[in-house]
Structure formats: structure tokens, C-alpha cells
Amino acid sequence: MNLYRNIYYILPYTIFLFLSIYTGQTAIAQCSPPSADNCKDANVLCSLDELNGYSCSNPVYSNPTGCTPLCPGGGASHNTAWWAFVTEGGNVTITFNIGNCSITGGGIQYGIWGDCDCKESIACNNDVHGPGTYTINANFIACKTYYLFVDGFLGDVCDFTIRTNGGSSPQLSPLGKINNDPDRKILVCQGICNMKFKVDGQNGNCVPTYEWTLDGNIVGGIKNEILLDLPDRVDFQLCVTAYIGNPNSGSICDQEGPECTSICITNNPEKLGPTRNICATQLPFDWHGTKIYNEGIAKATFKDASCCKYDSLVNFHIIYNDSLGCQNTNYVKGIVFLDKNKNGFFDNQEIKLNDYIVSSAPGSFATFSNQNGYTILLERNAINTIKASVPNPAVATVIPSDYQINVGNVFGQIPGQYDFAIQEKDLLDLEIQINSTVARPGRTSVVTLQVNNVGNIAATQSVITLQFPIGWNVIRTNPMYTTILGGNLLRWDYTNTIEIKGSKSFRIEIAPPTSAKQGTPFELIAEVDAINDVNPINDIAVWNSKIVASYDPNDKLVNKSNYYSISDQNKELIYTIRFQNTGTDTAFDVTIRDTLSKAIDPTSIRVVNASHPYQLRMKKLGFLEVYFKNIFLPDSSVNEIASHGFVQFAIRPNATNEPFTLRNKASIYFDYNTPVLTNSISTYIGLVSTTETNKQALLKVTPNPFSDQIIVTYESLKKYSKYRLQIRNIHGIMTHDIQVQQKGRMEMSTKLLPTGIYELMFIVDDQLLISNKIVKL
1380 MNLYRNIYYI LPYTIFLFLS IYTGQTAIAQ CSPPSADNCK DANVLCSLDE
1430 LNGYSCSNPV YSNPTGCTPL CPGGGASHNT AWWAFVTEGG NVTITFNIGN
1480 CSITGGGIQY GIWGDCDCKE SIACNNDVHG PGTYTINANF IACKTYYLFV
1530 DGFLGDVCDF TIRTNGGSSP QLSPLGKINN DPDRKILVCQ GICNMKFKVD
1580 GQNGNCVPTY EWTLDGNIVG GIKNEILLDL PDRVDFQLCV TAYIGNPNSG
1630 SICDQEGPEC TSICITNNPE KLGPTRNICA TQLPFDWHGT KIYNEGIAKA
1680 TFKDASCCKY DSLVNFHIIY NDSLGCQNTN YVKGIVFLDK NKNGFFDNQE
1730 IKLNDYIVSS APGSFATFSN QNGYTILLER NAINTIKASV PNPAVATVIP
1780 SDYQINVGNV FGQIPGQYDF AIQEKDLLDL EIQINSTVAR PGRTSVVTLQ
1830 VNNVGNIAAT QSVITLQFPI GWNVIRTNPM YTTILGGNLL RWDYTNTIEI
1880 KGSKSFRIEI APPTSAKQGT PFELIAEVDA INDVNPINDI AVWNSKIVAS
1930 YDPNDKLVNK SNYYSISDQN KELIYTIRFQ NTGTDTAFDV TIRDTLSKAI
1980 DPTSIRVVNA SHPYQLRMKK LGFLEVYFKN IFLPDSSVNE IASHGFVQFA
2030 IRPNATNEPF TLRNKASIYF DYNTPVLTNS ISTYIGLVST TETNKQALLK
2080 VTPNPFSDQI IVTYESLKKY SKYRLQIRNI HGIMTHDIQV QQKGRMEMST
2130 KLLPTGIYEL MFIVDDQLLI SNKIVKL
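For the sequence shown, the numbering used here begins at 1380 and goes up steadily by one.
Hints in this document: simulated from the structure, not taken from any laboratory. In this text, a Cβ means the ideal position worked out from N, Cα and C, and glycines have one as well. Wrong hints could be hidden among the right ones.
The calculated lysine-lysine pairs, modelled on DSS-like cross-linking and capped at a C-alpha distance of 27 angstroms, are [unchecked claim]:
{"id": "1", "residue 1": "Lys2079", "residue 2": "Lys2097"}
{"id": "2", "residue 1": "Lys1575", "residue 2": "Lys1556"}
{"id": "3", "residue 1": "Lys1950", "residue 2": "Lys1766"}
{"id": "4", "residue 1": "Lys2152", "residue 2": "Lys2079"}
{"id": "5", "residue 1": "Lys1925", "residue 2": "Lys1880"}
{"id": "6", "residue 1": "Lys1939", "residue 2": "Lys1925"}
{"id": "7", "residue 1": "Lys1712", "residue 2": "Lys1766"}
{"id": "8", "residue 1": "Lys1950", "residue 2": "Lys1670"}
{"id": "9", "residue 1": "Lys1602", "residue 2": "Lys1564"}
{"id": "10", "residue 1": "Lys2152", "residue 2": "Lys1939"}
{"id": "11", "residue 1": "Lys1719", "residue 2": "Lys1950"}
{"id": "12", "residue 1": "Lys1998", "residue 2": "Lys2008"}
{"id": "13", "residue 1": "Lys1804", "residue 2": "Lys1766"}
{"id": "14", "residue 1": "Lys1804", "residue 2": "Lys1731"}
{"id": "15", "residue 1": "Lys1719", "residue 2": "Lys1682"}
{"id": "16", "residue 1": "Lys1925", "residue 2": "Lys1896"}
{"id": "17", "residue 1": "Lys1650", "residue 2": "Lys1498"}
{"id": "18", "residue 1": "Lys1602", "residue 2": "Lys1556"}
{"id": "19", "residue 1": "Lys2098", "residue 2": "Lys2152"}
{"id": "20", "residue 1": "Lys1880", "residue 2": "Lys1712"}
{"id": "21", "residue 1": "Lys1602", "residue 2": "Lys1577"}
{"id": "22", "residue 1": "Lys1935", "residue 2": "Lys1950"}
{"id": "23", "residue 1": "Lys1935", "residue 2": "Lys2152"}
{"id": "24", "residue 1": "Lys2098", "residue 2": "Lys1950"}
{"id": "25", "residue 1": "Lys2097", "residue 2": "Lys2008"}
{"id": "26", "residue 1": "Lys1721", "residue 2": "Lys1766"}
{"id": "27", "residue 1": "Lys1670", "residue 2": "Lys1650"}
{"id": "28", "residue 1": "Lys2008", "residue 2": "Lys1670"}
{"id": "29", "residue 1": "Lys1731", "residue 2": "Lys2008"}
Taking CB as the label site, the calculated pair distances span [stated by the list, open to error]:
{"id": "30", "residue 1": "Ser1924", "residue 2": "Glu1758", "range": "57 to 63 angstroms"}
{"id": "31", "residue 1": "Thr1645", "residue 2": "Pro1779", "range": "57 to 63 angstroms"}
{"id": "32", "residue 1": "Gly1595", "residue 2": "Pro1653", "range": "43 to 49 angstroms"}
{"id": "33", "residue 1": "Thr1874", "residue 2": "Glu1758", "range": "48 to 54 angstroms"}
{"id": "34", "residue 1": "Phe1664", "residue 2": "Asn1788", "range": "46 to 52 angstroms"}
{"id": "35", "residue 1": "Pro1653", "residue 2": "Glu1604", "range": "39 to 45 angstroms"}
{"id": "36", "residue 1": "Ile2117", "residue 2": "Pro1820", "range": "39 to 45 angstroms"}
Given these sequences and hints, build the entire structure.
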């Protein structure tokens, strides 16, 4: 049989058509209820009972108003007739008895659509039917309007009778109160946007049409909920009506409502900010459009993340005498830029670099560069040395290496332009970083991946993946992933350009299963891949954590509990500071202050991932501030997912010959409240790790990192029947598999291994006994 003569199916409906030959002719009634020439004008029959025994014929005149094509599988519209109907839902049978076909003898084509836009085919016979009996079985949604059409092949006109079984009239249940508000009076702030209003859904999965009005004006929405931006007025009346039918044709089968509520606008209280000091030389000072000429309190109106308006009050204090940052200090200005043509001068096509640290001695002053350049303080009556630092000195050089400035007993800006040219090797280097909120059974966690272009060649195409535990549910991602592999690997084929020193964030909302047990460890593995990427080491980021029930939302984490100066030389520690607004109101600004240990090189710091736009500050070397201005972080009772934030920064420990433990914590300031202290996090700083031991075995590898060969010493303290040494890469692909004895020492060639991170495993009776991370340089 020809494929186009088969029946067309559309999920989630289950539809069958059965064919039997019928030779008689059907008597024709007066076509009551009448058909419509257009789908949208069809009178809505309030049940299929109204079509039971209905006899008619399709139009004798041209009326090509059917879908194009008539059915998803084919067919053209010639003289289409339309009927609309609703049911109480469930399985329904519709039988056509087709009789005399008087024009061409070709028969008729018929079907059912779920809309008039021809996007939802419920049942559609691609074939043409002449005299006979034909049956449609379909599963309908309660209260939903469906559209039945009949069309003659090449304009044929046929008599037909319709018989139905099932599809009784639906009935609406009473509407509940809008937002379940008991007194029908909803308080909202002035200027609020994207506010959700809803009524509870109907019984029995009934899906009627809803009409929402604001002060009598239709404001859109056909569902039981609506998002509204409210004008700056005092009060409103919001109403909703549910109906079944088609008001355009005057056929309404059932209606509930209107259900109304009063929306009352309230003003947010004024917010008092801290006293701000400004220099007299800055007058008049422009504060968000308000000119400050004198000391005193000034007011300005702002909007928070929900567009709610509030007034901010700030007391301004004018400084006239010698004070830091005013006219009697000493400072220089300059820019930090990427010197692509390596001529030492800033040219039009070159870019200014953000967040490169500039420091001056002997005053231990520091600052970060931005698109406006940098300004750094100097000590008076001293020879000052100014330096710019680069994150990776192995691939970048600073020209000049420093400036020597002799500052006498003077004040103000030192004449000159003190620019730093960053000259890098031409290479493509993408790195990936990962962060996650806490994971709780059945609750949504937010995972943030950030791909940073730390090289000096734009990346035009890359592939990003995230591997997560099997059984976890992906709720949404932004941007949308390209595909999901094996049920637990998301892949993005990213074709947009990541510019030099640019970045791209990927946000994933994901939830562990409700059956996940507290304390269960899990691992998230992120990877970026780009053609000609020169550094595979930073192409992988791993997030290890455990399922929790209760937790401290403000914490500090580090990616290494052990750092070895030899094997980890020039590698960075990744610190993560997570915070959450658990207060009772929106947090407008968040400041993180972190006094770095003297065992850390403060000039090596760089932010690698953050939840919101930020500003970096470091007035003195080692005193780091991360400032989230106008973050508008909602409190957790209003929007739990959006109440979280984080920052991740990378930094290198100083070289050491003696092992020690590096401890660190941070302070988090929500607006002007008392700071929240994080936990203290520690990392053991040693020399090198070559040996892994446990109560059952010993596994030692030298050297580590390695190049062409490693020497492995192994021993199982218990006796087993089989012993093997295996090496696998980060994707789990095996590169070495060697049968060994219970204990021994052997040399393994690693010449053919690409640069990267591997796992050396001692396997006994097909079970992992002990393993050790190894690195190929």
C-alpha cells in the first residue's frame, strides 16, 4: 500500500481509523447545525451528542479554507466545511457513513484539528473516501475546542451521516480566588513588573479559555495564569473569566466568573545608605542625575529587580583637607592593553584589558585595570616602583617590566602616561570553570559553567559538555543544549565567537532524584574542546560534592585539599565563595572581603567565574574586595533559585621549601548589614605526591608529573586471584591494561599518551583496589 494512503498519527493522541465498504446512500437532512466556511467562525457544539445522527453534505461551491496541506501527509482544499465541538474528554468514536458523491465521484477527505492554525493534527485521513463507513477513535482533552472538517476531492460533493459514541458536554467548576487571596485584595509595590496572577485549574483536567481584564480592558492571556507589568497608578481591578466555546461565533457552552480582585499599590520604605565622602574638587557631583553642591542628605529613586520603586537617601560629606583620594594625594594613571602587534604602543585595533592587577611599592598600594585604565596611589618622598602582573608569565610578558617614579614633597597626579603593554604568544587557549549550588534530594541546583578565552586568538567554534550522575533531571539550560547523550551528558555545539579575553556562561538547572540519600558523593565534569587549543590541562573542570539536607548558604570552598609545589608548580588554587540572601528583603549590593594569606601571591589573582557582574578592588596588596553593585538579590522566600550568588577566583601559592597548611575565610556584606563570615577552608601545601596508600594496598608512581615513562611500585596486602594495572584518561578510556602479580615494580612507557590528566588504577578480581592521579606534561 502507498505510504500516503496510511493513517496519519500525532502524539500524544492515540488514533485509529477502520474502513469497511458501505454501498447504500444516506438521506440528507437540512444540515442543522450548519457548517461554517472558516475554521475560526465555526459554531462550537457543546457536545458530540449534537452531531449524533447529523446528516449533511459538503458545500457545492468553491471554499478552499482548509489547511495547506489539508492533512499533514497531503491533500488540497477545495470546498471545505467546518464544525467545532467540545467534550468532557476521554475516548470518543466518530463514524462517517458516506453515500452519494455527485460531482466527480472521487469522494471526500476529512479530519480533526486541535487548532485553527493547522499546528495540531488530531486525526487526518490522507486518503480520499467514497461511499462506505469509516470510524475515528480519539482521546480528547476535556473542555478543549476541536475542529472537524470535510472537503471534497477536486470539488466533489458527497452526502454523509455522522454517528458518535461518547463526548458528552463538559461543565466548568467554580473559579477560585485570584492568587488564593482570602480578602480579594492584593498588595503590590509601585512599578512592579512581571507579576504573576493565577486561579486554580479546573477539575478533571478541563482546559477552558480564560480572559483576563484590568479595569475592564482585556490584557491578554488565555490560560489560568498571567504575567503583568502594572502602570504607575493607585489601584486596579483585575478579573478573570473562564469559558468553553467561541465568542466570535456567539456560541458559549459554559462560563464561570468573572472572579475579581483589587490590586492596591503600596510604596516601598525609603532606604538609608551610608555616608559618602566626596572631594571638593568633584563638585558639582553627579549622583544618578542629582547634582550635589553641598553637604547634606540627597534622595534618588531606583528600581529593584522586580521594577519596584524605592527612594535611596545618602548623606554626602565634602572633604576639603588632605585625605586619601582627594587633592593632596599622589597618583599616576595609565592603561593595560593587549599589544597584538608587539610594538609597545596602544593602537586603535588593540583592546584594553580588565582586572589586571597593578601594584606600587613601597606603599603596597594596588588596583585593577578596566576600560578607563587604572589609577594607583604613590608614596610621597619616595622612589615608587609600579608593576603590572599577568596571570600566566609563561606565555605573557609585560612591557615595560616596571616604572621607577621619584615622588618628592608634592601632591596630586604625577605627570605622564604609565601604560603597560601585555605581549603574549599567539595561541588559542580556552579554559572551563564550574560552580554549583548545594544539591538536595529532589530540589533544583544551579550549575554554572564559564568558558574563558585566556589566549590571544578568538575561538570561532567550540564544544562544551557537562557530565552529571545518572538519574538526575535536567530542568532547563541557557543556552539550550544541542543534545543529551546517554541520559547524563549534555553537549553544546557552540558556534558563536568567544573573543580574545572574552567568556561565555552556560547555566544549567538540574535536580538530584528525590531518592538521593544524604551524604552521597557526586561528581560533575565539565569540558571544553576547540580545534588548536594548546593547553588541554584547563579544558577540564571537576566539581565534587555530596548530597545534603541542611546547609550553610554562605561558604568558601577550594578545589585542592593538597597542593604540591613540584607537581603543581605554577598551577592555581580555585577558591569559590557562595552566598545567599536569606533575609527579608532584596539585597541591593553585596561585597565580599577576603584578606589573603601572605603565603599567596596577590598579584596572580584572577576571577574565573561569577554569578553576576562585579567590580574588583584592592587598595592594599592582599586585601581583596569583590563588589556586586546593584545586584538586586531577592530574598530566598521570594525566589529561592535567584537568591544565590557566587564568585570564583584563581590564585597561585608562593613557592615553598617547607610544608604548611594554608587557611582562609571571607566576609560577606549584604548592603550595610553586619558581615556574614564563611567557614575557614584549608589546603596542605607540600612538595610532591607520588604515593597513595590505604589499609589494603600501596601504589607509588615516579615521576609525577611524567613525560615518556613512569615507574610503578604496587602491593596488595590481601591475596586475590587476578591483579592488573590500568591507566585511563579523564573520559574513562583505557590506554594501558597490564596483568601483574600481587606485588612488584615495573616500568611503563607513556610516550604515546597525549598531554593531560590520567588515573593509574590497581585492579584486583575486576574491582578497583587503589588509584592515583597522574599528569603527562
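Do the hints match the structure? See the list:
| no. | hint | verdict |
| --- | --- | --- |
| 1 | Lys2079 x Lys2097 | holds (17 angstroms) |
| 2 | Lys1575 x Lys1556 | holds (14 angstroms) |
| 3 | Lys1950 x Lys1766 | holds (22 angstroms) |
| 4 | Lys2152 x Lys2079 | holds (11 angstroms) |
| 5 | Lys1925 x Lys1880 | violated (33 angstroms) |
| 6 | Lys1939 x Lys1925 | holds (16 angstroms) |
| 7 | Lys1712 x Lys1766 | holds (13 angstroms) |
| 8 | Lys1950 x Lys1670 | violated (49 angstroms) |
| 9 | Lys1602 x Lys1564 | holds (21 angstroms) |
| 10 | Lys2152 x Lys1939 | holds (13 angstroms) |
| 11 | Lys1719 x Lys1950 | holds (26 angstroms) |
| 12 | Lys1998 x Lys2008 | holds (18 angstroms) |
| 13 | Lys1804 x Lys1766 | holds (20 angstroms) |
| 14 | Lys1804 x Lys1731 | holds (17 angstroms) |
| 15 | Lys1719 x Lys1682 | violated (42 angstroms) |
| 16 | Lys1925 x Lys1896 | holds (9 angstroms) |
| 17 | Lys1650 x Lys1498 | violated (51 angstroms) |
| 18 | Lys1602 x Lys1556 | holds (15 angstroms) |
| 19 | Lys2098 x Lys2152 | holds (24 angstroms) |
| 20 | Lys1880 x Lys1712 | holds (23 angstroms) |
| 21 | Lys1602 x Lys1577 | holds (9 angstroms) |
| 22 | Lys1935 x Lys1950 | holds (20 angstroms) |
| 23 | Lys1935 x Lys2152 | holds (25 angstroms) |
| 24 | Lys2098 x Lys1950 | violated (39 angstroms) |
| 25 | Lys2097 x Lys2008 | violated (60 angstroms) |
| 26 | Lys1721 x Lys1766 | holds (19 angstroms) |
| 27 | Lys1670 x Lys1650 | holds (19 angstroms) |
| 28 | Lys2008 x Lys1670 | holds (21 angstroms) |
| 29 | Lys1731 x Lys2008 | holds (22 angstroms) |
| 30 | Ser1924 x Glu1758: 57 to 63 angstroms | violated (46 angstroms) |
| 31 | Thr1645 x Pro1779: 57 to 63 angstroms | holds (60 angstroms) |
| 32 | Gly1595 x Pro1653: 43 to 49 angstroms | holds (47 angstroms) |
| 33 | Thr1874 x Glu1758: 48 to 54 angstroms | holds (51 angstroms) |
| 34 | Phe1664 x Asn1788: 46 to 52 angstroms | violated (29 angstroms) |
| 35 | Pro1653 x Glu1604: 39 to 45 angstroms | holds (41 angstroms) |
| 36 | Ile2117 x Pro1820: 39 to 45 angstroms | holds (41 angstroms) |
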